[in-house]
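Let the hints inform the model, and build the full structure from the sequences given.
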Amino acid sequence: MADGDAEDKADRLKSSLWYSIGSIVDAIALDQDLNATPQFIGSLTELVWSQILTSGADLENFAKYTPHSFLANNDAD
Numbered sequence: 134m135a136d137g138d139a140e141d142k143a144d145r146l147k148s149s150l151w152y153s154i155g156s157i158v159d160a161i162a163l164d165q166d167l168n169a170t171p172q173f174i175g176s177l178t179e180l181v182w183s184q185i186l187t188s189g190a191d192l193e194n195f196a197k198y199t200p201h202s203f204l205a206n207n208d209a210d
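Residue numbers (the working numbering): 134 to 210.
No wet-lab data here; the hints were simulated from the structure. Keep in mind that the hints are not guaranteed to be accurate.
Unchecked claim - Simulated restraints on C-beta separations:
id, residue 1, residue 2, range
1, L146, A169, 17 to 25 Å
2, T199, I157, 32 to 40 Å
3, D136, G175, 21 to 29 Å
4, Q165, I185, 23 to 31 Å
5, F195, D144, 24 to 32 Å
6, T199, L167, 37 to 45 Å
Computed from a predicted structure; not experimentally measured. Each residue gets a CB set at the ideal place from its N, CA and C atoms; glycine is no exception.
This is the structure we're talking about:
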C-alpha cells in the first residue's frame, strides 16, 4: 500500500510540474509570438523531472557521507 501512495504522490507532483512548465512556456510563447506543442511541454516536463530525480539522488548520497545532520549551501562549494 505504501508503494501505491508514493506512486500517487509522484504522479501528483509530476502533474503539478507539467502544469507549471506549461504555464511558463505558454507565457513565453505568447510574449514572443511562438507556438509550443503539448508534446514539447511534455518532453520538457520529462527532462526536468529526470533532472529532479537525479539531483535528489545525488543529495541523498551526499548526505550519507557528511559529518553533520543537515545540508547547507556552503556544502556544495
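Against the structure, the hints:
1. L146 with A169: 17 to 25 Å: 22 Å, holds
2. T199 with I157: 32 to 40 Å: Because 33 Å falls inside the window, the suggested range holds.
3. D136 with G175: 21 to 29 Å: 25 Å, holds
4. Q165 with I185: 23 to 31 Å: 26 Å, holds
5. F195 with D144: 24 to 32 Å: Hint holds: Cβ distance 27 Å, inside 24 to 32 Å.
6. T199 with L167: 37 to 45 Å: 44 Å, holds
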